[in-house]
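Student: Construct the entire structure; sequences and hints are all you get.
Keeping their order, the protein sequence lines are chains A and B.
Residues in the first sequence are numbered consecutively from 1, following this note's numbering.
Residues in the second sequence are numbered consecutively from 237, following this note's numbering.
Worth flagging that the hints you see were computed from the coordinates, not collected in a lab.
30 Å max Cα-Cα, derived DSS-like pairs, lysine-lysine:
| id | chain 1 | residue 1 | chain 2 | residue 2 |
| --- | --- | --- | --- | --- |
| 1 | B | K321 | A | K70 |
| 2 | A | K166 | B | K321 |
| 3 | A | K114 | B | K321 |
| 4 | A | K228 | B | K321 |
| 5 | A | K116 | B | K321 |
| 6 | A | K166 | A | K70 |
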Amino acid sequence: MQLTFSVYRYNPEVDNAPRMQDYTLDVEEGQDMMVLDALLLLKEQDPTLSFRRSCREGVCGSDGVNMNGKNGLACITPLSALGKGKVVIRPLPGLPVVRDLVVDMTQFYTQYEKIKPFLINDDKQPPAREHLQSPEERAKLDGLYECILCACCSTSCPSFWWNPDKFVGPAGLLHAYRFLIDSRDTATDERLNDLDDAFSVFRCHGIMNCVSVCPKGLNPTKAIGQIKSMLLQRAV
Amino acid sequence: MVTNQASIKRNGVQDYVSLRATAFIIAIYTFFLAGFFITTEEITFEVWQGLFSGLAMKVFTLAALVSIMIHVRIGLWQVLTDYVKPAGVRAIIQYVLNIIAFVYVAVGLFVLWGV
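Tutor: Here you go:
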């Protein structure tokens, strides 16, 4: 069985413009494999093909790419899930391309830094061992802490494409909410003050592209809705 | 985080609430008119004029027109800040579109006045 691929190629040092390059791969009839495995085989054919990968099991979030128009992690996306026909692989949309499928994630991380992704606790007397949480308080973090910052969500979000400098984006806001509802965090007001403008949160119009592509099955739109509610409750 | 200056003093929460409040009025008005067209067997000039001659309908229509103006003002500001990056060009387009939105209200007001 012969599989065909069309892969985005761009080396700013050599190429004037990006191009799509076709590849073919011979595999056993009926054999399925992850897109990352296919990319690794393609790299054996053409060592100049560049992409990021690390854990190859959906934990590190390095190999976020756009496959047949949808963002996802190459290492946990089987070729069979992409349907029959040519597989088109492009870098995550909206971010500057460093080379081929490797993107510059500075804008993404800058937004992540903005939300202060760490626990802030100004209790005068910290507990001797650790901040305890009830099971109910801990349960509120489920569906939030699992984010691996692969950027599949933020780079599928038109609001982030158009305003990557002002809109925090789904990944950053998911993390923002993770700290806003953490019972051990005491900087809720400060965090909400930082988000209280026309762009940071409210540029989300709830189109749910982020939910559709999240490889971990998380729901950033829901978290953003909760942040909007918190901001609203403060205002009325 | 993003200062008021950068967002031309727009308030996220206020815009969020205004968009939804005006959308609700526009939706109710649309459903009302749709209901009128569906339930009225024959729409003559007299029937149409009769509908708009009541004070309540005039107020309802004016509220819908003002809602559209507010909705357009916020919505188009959001669309323009997405797609038109040069601030000067955006300001001019915004100015013209806001005038057009106001014209709809003004014309509507005078039409209602004349009924």
